[in-house]
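The chain contents come next:
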Amino acid sequence: MSFHISIPVALRLFAGQPICSSGPAPFAIRPHNMRPAAAFSNRSIGVRLSLLIALNSSVALTSAGFALFGYESFLQRGAAARELSAQARIIAESSTAALSFSDERAATQTLAALRGDSHVVEGIVYDRNGRPFSRYERAGSPPASPAPQLRKTGVYFENGAVLVFQPIRLGDESLGTIFLKSNNEVRARLTQYVGIVCLVLLLSQGFALLLSYRLQSTITAPITELSGVARSISVDKNYAVRAVRHGGGEIGILIDSFNHMLSQIENRELARKAAEESLRESEERYALAARGANDGLWDWKLATGEIYFSSRWNQMLGRPDRDRWSDPEEWFGLIHPADRDRVRAAIEAHRLGAAPEFSSEYRMRHTNGSFIWVLTRGIAVRNSEGTAIRMAGSQTDITEGKVADPLTSLPNRLYFLDKLECSLDAARRSKNLFAVLFLDLDRFKLINDSLGHAAGDELLTGVAGRLRASVRTGWKARQSAVARLGGDEFAILLGDVGDAADAAVVAQRILDKLDPPFRLDGRQVFATISIGIALSSSGDTPEDLLRNADTAMYHAKSRGKARFAVFDEGMRERAVARLEIETGLRKAIEAQQLIIYYQPEISVSTQQVIGYEALVRWNHPARGILAPSEFIPIAEESDLIVHLGRWVLKEACRQMAEWHKRFVFDPPLTISVNISSRHLNDGGLVEDVERVLRETGLDPKCLKLEVTESSVMQDPETSLRTLRRLKLMSIGLEIDDFGTGYSSLSYLQRLPFDTVKIDRSFIKELGAGAESSEIVRTIVELARSLEMDVVAEGVETREQLQTVTALGCDYVQGYYFAKPMGAPTTQALLATRDEMQRAFAALRGAGSRDPRGDAQHETKSRKDDVPVESRVL
Amino acid sequence: MSRRGATLGLVIALGNCLAAESPEQPLDEYRVKAAFLYNFAKFVEWPSEAFQSPNAPFAICVLGRDPFGRSLEDTVAGRTIESRYFVVRHISSVKQVSGCHVLFIGSVESKRISPMLAEIKTAGVLTVGDSDGAASEGAIISFKLEAGKVRFAINAAAAEREKLRISSRLLSLAVAVAQ
Numbered sequence: 001m002s003f004h005i006s007i008p009v010a011l012r013l014f015a016g017q018p019i020c021s022s023g024p025a026p027f028a029i030r031p032h033n034m035r036p037a038a039a040f041s042n043r044s045i046g047v048r049l050s051l052l053i054a055l056n057s058s059v060a061l062t063s064a065g066f067a068l069f070g071y072e073s074f075l076q077r078g079a080a081a082r083e084l085s086a087q088a089r090i091i092a093e094s095s096t097a098a099l100s101f102s103d104e105r106a107a108t109q110t111l112a113a114l115r116g117d118s119h120v121v122e123g124i125v126y127d128r129n130g131r132p133f134s135r136y137e138r139a140g141s142p143p144a145s146p147a148p149q150l151r152k153t154g155v156y157f158e159n160g161a162v163l164v165f166q167p168i169r170l171g172d173e174s175l176g177t178i179f180l181k182s183n184n185e186v187r188a189r190l191t192q193y194v195g196i197v198c199l200v201l202l203l204s205q206g207f208a209l210l211l212s213y214r215l216q217s218t219i220t221a222p223i224t225e226l227s228g229v230a231r232s233i234s235v236d237k238n239y240a241v242r243a244v245r246h247g248g249g250e251i252g253i254l255i256d257s258f259n260h261m262l263s264q265i266e267n268r269e270l271a272r273k274a275a276e277e278s279l280r281e282s283e284e285r286y287a288l289a290a291r292g293a294n295d296g297l298w299d300w301k302l303a304t305g306e307i308y309f310s311s312r313w314n315q316m317l318g319r320p321d322r323d324r325w326s327d328p329e330e331w332f333g334l335i336h337p338a339d340r341d342r343v344r345a346a347i348e349a350h351r352l353g354a355a356p357e358f359s360s361e362y363r364m365r366h367t368n369g370s371f372i373w374v375l376t377r378g379i380a381v382r383n384s385e386g387t388a389i390r391m392a393g394s395q396t397d398i399t400e401g402k403v404a405d406p407l408t409s410l411p412n413r414l415y416f417l418d419k420l421e422c423s424l425d426a427a428r429r430s431k432n433l434f435a436v437l438f439l440d441l442d443r444f445k446l447i448n449d450s451l452g453h454a455a456g457d458e459l460l461t462g463v464a465g466r467l468r469a470s471v472r473t474g475w476k477a478r479q480s481a482v483a484r485l486g487g488d489e490f491a492i493l494l495g496d497v498g499d500a501a502d503a504a505v506v507a508q509r510i511l512d513k514l515d516p517p518f519r520l521d522g523r524q525v526f527a528t529i530s531i532g533i534a535l536s537s538s539g540d541t542p543e544d545l546l547r548n549a550d551t552a553m554y555h556a557k558s559r560g561k562a563r564f565a566v567f568d569e570g571m572r573e574r575a576v577a578r579l580e581i582e583t584g585l586r587k588a589i590e591a592q593q594l595i596i597y598y599q600p601e602i603s604v605s606t607q608q609v610i611g612y613e614a615l616v617r618w619n620h621p622a623r624g625i626l627a628p629s630e631f632i633p634i635a636e637e638s639d640l641i642v643h644l645g646r647w648v649l650k651e652a653c654r655q656m657a658e659w660h661k662r663f664v665f666d667p668p669l670t671i672s673v674n675i676s677s678r679h680l681n682d683g684g685l686v687e688d689v690e691r692v693l694r695e696t697g698l699d700p701k702c703l704k705l706e707v708t709e710s711s712v713m714q715d716p717e718t719s720l721r722t723l724r725r726l727k728l729m730s731i732g733l734e735i736d737d738f739g740t741g742y743s744s745l746s747y748l749q750r751l752p753f754d755t756v757k758i759d760r761s762f763i764k765e766l767g768a769g770a771e772s773s774e775i776v777r778t779i780v781e782l783a784r785s786l787e788m789d790v791v792a793e794g795v796e797t798r799e800q801l802q803t804v805t806a807l808g809c810d811y812v813q814g815y816y817f818a819k820p821m822g823a824p825t826t827q828a829l830l831a832t833r834d835e836m837q838r839a840f841a842a843l844r845g846a847g848s849r850d851p852r853g854d855a856q857h858e859t860k861s862r863k864d865d866v867p868v869e870s871r872v873l
Numbered sequence: 001m002s003r004r005g006a007t008l009g010l011v012i013a014l015g016n017c018l019a020a021e022s023p024e025q026p027l028d029e030y031r032v033k034a035a036f037l038y039n040f041a042k043f044v045e046w047p048s049e050a051f052q053s054p055n056a057p058f059a060i061c062v063l064g065r066d067p068f069g070r071s072l073e074d075t076v077a078g079r080t081i082e083s084r085y086f087v088v089r090h091i092s093s094v095k096q097v098s099g100c101h102v103l104f105i106g107s108v109e110s111k112r113i114s115p116m117l118a119e120i121k122t123a124g125v126l127t128v129g130d131s132d133g134a135a136s137e138g139a140i141i142s143f144k145l146e147a148g149k150v151r152f153a154i155n156a157a158a159a160e161r162e163k164l165r166i167s168s169r170l171l172s173l174a175v176a177v178a179q
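Same order as they appear, the protein sequences are chains Z and E. Residues 1 to 873 in the numbering used here are what the first sequence lists, from first letter to last. Residues 1 to 179 in the numbering used here are what the second sequence lists, from first letter to last.
In isolation and in its complexed conformation, chain E is listed as follows (with noise of 0.2 Å):
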């Protein structure tokens, strides 16, 4: 009974934290792509030379402006993928892109983001852009808003570029895949 009990506890500890990222509230976003870019690094295979060690921890890694405050910490704490813990390190410039599993490029970087996936020479990140047109332009996801819900869209063949194998049922739910 006891067990029982405490076994509620926690669904319900549970719930309210993911009510927090509930998509309703446009202030919870970023919540939400925080909750987004820990999923894409379960439908993704990186191949094994993007990681140092087999327990080298799974990095993303926020490039310039950080849009999600502390939430990206919070959805990450404590989860593994393979036996691998996640970091969440703050980039300024690509240069520093090394080392990095998932790379999110926030809004404002993505006005000129050609240039800088260009500069990406390590292989092996999935880079996310945080704007509509991010994945014709060369990363390979990228976010949009879709009547309040965020919904993303997938470039196939920079996945490709990149040596990464995405999961069909991720690509199953991207809205447009652009070439």
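This is chain Z alone, in the form it adopts within the complex (with noise of 0.2 Å):
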């Protein structure tokens, strides 16, 4: 800060600014070209004050002078003039009658009388012709000259001398004329007159000035003393010194204006210092604290639009530190352009006091081309009417939260989308491919949720480790990089791709890696993995490739995880038509468009029908009907399932309870009604079924809930407390799919089920090798000392019939006997069934059934809308 306060001292210095003259200022003055009256000015008070007082004296002397010698003058000339008039009135009177009778001799005596006056040296009588007529001369005045000229009556002053030139009258009559001249006495006795006054004046002048000498000091001496302590102050900055104060006056009240001034100085210089005292800590709190936290700072002037940004600040950008104020432009051209106008509204909303703050994370490019990303935050400084004038804050480098997933310390999704703009845009450039792989962890939550969240942390590290180590050792490491995009989701892209086959080996040696198991909590655990491959040429924005990616993964992963698949256009349409069913789904219910489709359940011992599987079929208003696996998956992915599930549990109940009512059979048809996952745990499934029941009046021995094996151990304790409720119901429970599922067999002991249905998937491989038959025998055999019956699915052949019935099976299902069946086909099937049970009984009286005769005449009457049915025999 310091150079802001000197520039301007020097500035105001060289550029030669009138510097004010009380000031020691050595070069401001400029003798060459002083005038007199600033020499004079730049004299001491004391100097000044003595030499007006000098000139005051000495004009006021000298006018005295001259005033009193022109009086004296005029007084001595008067004089002089008066006593020669009279000495010329007495000798013309005398000189009348010697003129009038032009006796010469007469007027010389006349003459010779002003012997008795020793001022007149001369005296002439001039007779009526102007010609002189007498003449007198003192002796010892100078030597004769010629008559002087007769002038006019007057008296004269020539010389010194006083000239009187006088009418010599008798009567009315002029006779002639008397001239007299007085000596130089007047001037003699006027220089001396003049010397004395001279002399007076110069012993007045000298005591004037003594006494002025004498005098100033007592103005000056004070302002003196006062000006030193003042030059002692400006020297010594202590602002304890007082000036002392002598008598009164305008002296007396400058000391006291002084040394007030001094007194508000010095408290102001205490407070000054105090409070630069308790701003230097604070601010060096605050640099310590700022340098500990490693934050830049920035301080902007709005009014002028300048801004200061800390070293610090500048170094986290890479830029050169520097001590001048920037342009806040510098700044905005940092930022993300996608971020600009975000911050630039955060700011503004702030200035305006639409915000209590400014805060906002935001990306900045760092000079190594890299963008960083920094959290700013700002509070501005208001005047009286609230304007911002100023805003100051902080920034920190936020790049390692914000782009690291702190679990696996892989970078995050952030960071990912960031890599895949600059990759972007790199490729754009040069033409190159690059490859992103989606990578999702098989049945992660089933980890999470048995072996707890430790443990599914642990294997998400370890994952992440396998992961990075397959692309450092698989693939050009520097253009390479992976990503924790969040959960068990993973992300990995690769640099300069020459085509899908490349990212194709690199998934297959990730799958490779993921092949040994992890250790977790003791255990042993395989982790499978889905790998979806986008291409940098099939999207325009990082996240068209992170959604494409997803999209192949997702197609992986449906046609049996732990596999790869490479993003094809394909995909994104059945993507596309996969977001159409869940949203299409929402309303079917509503419209209706939701039917249920029925598929018997034969009994191996009787060939007779116990009942039907609820299954539901959505009848598209453009895709015609569509089969569970269509939708059910992508119902099952929201709680849309629940609502689906609990119109089929509805509609089946009510559909059977109506064929009870029309139809008699022993025993009582069932159906079995799949209940989902999220329906078994996610609670209100008890409440269902006690409120369907109610509603239709159906037989609760009737109903059997179907849920499969996974779902029960998704939540084992919830599901059971559910199973055990319904159980106490009575109502039949089955277990579906068994075999897919990580649960042991022993672990079915524990569970209230009535039955087990065996997975199609072994009843299909019955004929190729003897490892299912093993399978499905130890299933029957558990079943059996649990004391559950079990249903064989997907029965397609004799052979597996005989097999099945061979290795124990109760209960068949399959297109071998029948394809699931609409509503009414089904019921068209039972009312000719019960027709003939009917007619049976007719025929025998009360005798017994023969359901076989009854399956044969179904197949006869149905030949053509149930091709199935006729191998029931």
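Hints may contain errors.
[Stated by the list, open to error] If you only want the chain Z side, here are some residues facing chain E, beta carbon under 10 Å, derived:
#1 Ser-94
#2 Thr-96
#3 Ala-98
#4 Phe-101
#5 Ser-102
#6 Arg-105
#7 Pro-167
#8 Glu-173
#9 Leu-786
Just so you know, the hints here were simulated from the structure itself, not pulled from any lab data. For every residue, glycine included, the Cβ atom is placed at its ideal position computed from N, Cα and C.
Assemble the dimeric complex from its two separately framed chains, guided by the hints.
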């Protein structure tokens, strides 16, 4: 900050601005063109005062001297003139007769009387014609000169002498003129007088000077003392000093004011020092804190549009440190274009008072070309009108927290998207391809739920390590990146790939790398992963690429997991279709587009249909009848499945109750309804079942609920509680798709199931090898020991039927007997059976029924509609 | 300017006039004496009874033969003393002296001046004799020539008798005073 002060001072000094003459400014005075007034004003007050007094006194004395001299001269001349005129009159009077009678002698005698007057040096009587008639000259006077020319009557002063010309009259008659001339005594007297006056004047002047010198010191001494005090204060900066007051008057007031001013300065100085000290401490503390926090600081003067960046601020962005004000646009220019408007808006919102503070996370370009994430906070300083005049705050580099996943230390989604964007830019320029791999752990939720979150986290960390290792060793490491997108999702960027095959090689290597089991919590756990691959040519934005890879991953997963798939346009279309299904399905329930198909369950021993499994179909307005596999997995991704399941439950129960009213079979027909894992575990299932039974009036014994093994395993405790409640309601419980889950067979005994349904995949492979037979046999034996019935699903051939029969399955289901059928067809079949049952009853009286004949008849009569039924013998 | 010129012209004219009376010219002797007669009037104080009225003219009388020609008339022409004009009268006998203030008695008549003076009964007549001894013989003033210059003598006693007061300045000019 020091230069902010020193520059203006230096400028003022060197710009040659007039510096107050009272100040000690050695080079401000330029003597060569100094005017006298300036010279005078540069003297000390004492000298000036003395000079002024001397000037005044000399003016006064000189004026007085002149006046005295003038008056004296006037008096002297007047006296001399009067004296001489009187003489002249006397002579004139005395000369009248001499003139009248032209008696020169007499005239001369008359003039000779002048001898008695030493002042008169010359006397001449002129006759009436102006001719000198008689003349007198004093002895010892200068040699006679020609008689002066006759002049007009009057007194004249010439060369210190007085000349009088006076007419000589007798009565009215003019006889001539008398001329008298005095000596120089008047002049001599005046000269003497002037000398005395001058002497007095000089003495007075000297005395005045002496006096003024003595007097001025009484005025200037306090001022000199005062200025001395001021100077010593300006040198020593000791504001505690006070000037001593002598007497009153203006000087006294001046000294009082000066001291008062000093007091104020002293107080202010003390306050300033204290404030400075506390400010320095506070600044130090803040600087320390900022350094400790590794924060950059900025200070924006809104009024002038200047902004200061701390060295850390610059360093964060790789900018050289600079000790000057910058343009805020430099800042905005470095902000990522996508974030710029947002940051500006946030600043503006705070500046205008709409937001209590400014805080924003955004990206800024580092000089090395990459973007860093920063968190900038700021607070505006407002003036009395509330207008923001200054804004300052901190800037923190949050790149690490922002782009790194704390669990695996891999870069996060944010970073990955940035990286994708950079790579897209580069790819557009270079026309090179890169690949995005989207990875999702298979059945991670299951692991997490069954082994706990800690184990799940451990697994994720382990997977991350293997992914990193496989990419580091498997591909151009510098151009690749591994990131954790969130949950069990990972992504990998492979730079500069030739085609999809390059990426496929890496994907396969990753799959291989994940083959060895992980050790979690003392257990061996196998983790597989599904990988979707998208090439950079498949999209224009990072989001596009990631979505495409996700789609491909989904595809891989749907094809059986632990594999990879490369994205193609078809996948996208399918993904879009899936989205359409999800949205359409929500409306489908209300629009009554859902219908239920019924698949018979056949007793192996009696060959009779003992009940039906309710299977939902969607009568799509555009695509016709859709199989459950086309929309149930999609519905399972949300609570849509619960709505759907609830509807199916109700509709199936309603239908079966209706059929019970129409037809009476012994044992009564059962209805099996599939219950989703969400419905089972998220509550409400028991209440739903109770309500449906109440509303439909269906016998609880005729309702069977099918749940899959994995549904139960997702939350075994809750499931168990729910199942037990259902069991108490006498509802039949079936475990579906048995054999595919992780649960051990022994787990089964804890669960209150009545029936086990063996998954169709085992039945399908029955013919291929002995292994499947063994599995089925084991299941059947287990079920037997637990007193459970066994249902074989997906029986499609006679051989399969014979095998499952031989293995001891109680019931079968499958195309070999019947495909699922709509309600009307099923009802028609039931009606036929009912008819035949009645007919047999009538035929045999009250005899027993023959279900086989029943079936045969049914087959004959409805051969076209239900071809499989014909196999029921 | 024009006024000064006029004044100067007057002085010159006056000069010419006086120049004609220069005593160096013997022919002008009576011209000087005429002027003297006039001047005497100025330095002598007459008793008030000498004049019939305050404005009565001042009479200069010439007894017998007139030696002045026109010069006496010229001298007094236009002049006044205490607002009295001058008149010049020629008388042939002392008996005609009444009303005269100055009586000039020529040199011829001066030979028998004493009897003539005795005949004058009227007081207040300044008698001026044109002969050297006239003052000694009873006239108040007598002319005489000294080195070509006209001079005069005054008989103060005679003047006192005539009740005339003669100015001391006039007296100081007189060469001799006969008693």
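Against the structure, the hints:
1. Hint on Z/Ser-94 holds. Least Cβ distance to chain E is approximately 7 Å, under the 10 Å limit.
2. Taken as an interface hint, Z/Thr-96 checks out: its beta carbon lies about 6 Å from the nearest beta carbon of chain E, inside 10 Å.
3. At its closest, the beta carbon of Z/Ala-98 sits 7 Å from a beta carbon of chain E; the interface hint therefore holds under the 10 Å criterion.
4. For Z/Phe-101, the interface hint holds, since its Cβ comes within 10 Å of a Cβ in chain E; the closest pair sits about 5 Å apart.
5. Taking 10 Å as the C-beta cut-off, the interface hint given for Z/Ser-102 holds, the closest approach to chain E being about 8 Å.
6. With a cut of 10 Å, the hint placing Z/Arg-105 at the interface with chain E holds, because the nearest CB-to-CB distance is about 9 Å.
7. For Z/Pro-167, the interface hint is violated, since its Cβ never comes within 10 Å of a Cβ in chain E; the closest pair sits about 13 Å apart.
8. A distance limit of 10 Å between C-beta atoms decides the matter here; for Z/Glu-173 the minimum to chain E is near 8 Å, and the interface restraint holds.
9. Restraint check, Z/Leu-786 versus chain E: the minimum CB separation of about 175 Å is more than 10 Å; hint violated.
Checked against the numbered hints given earlier, this structure breaks hints 7 and 9; the rest are met.
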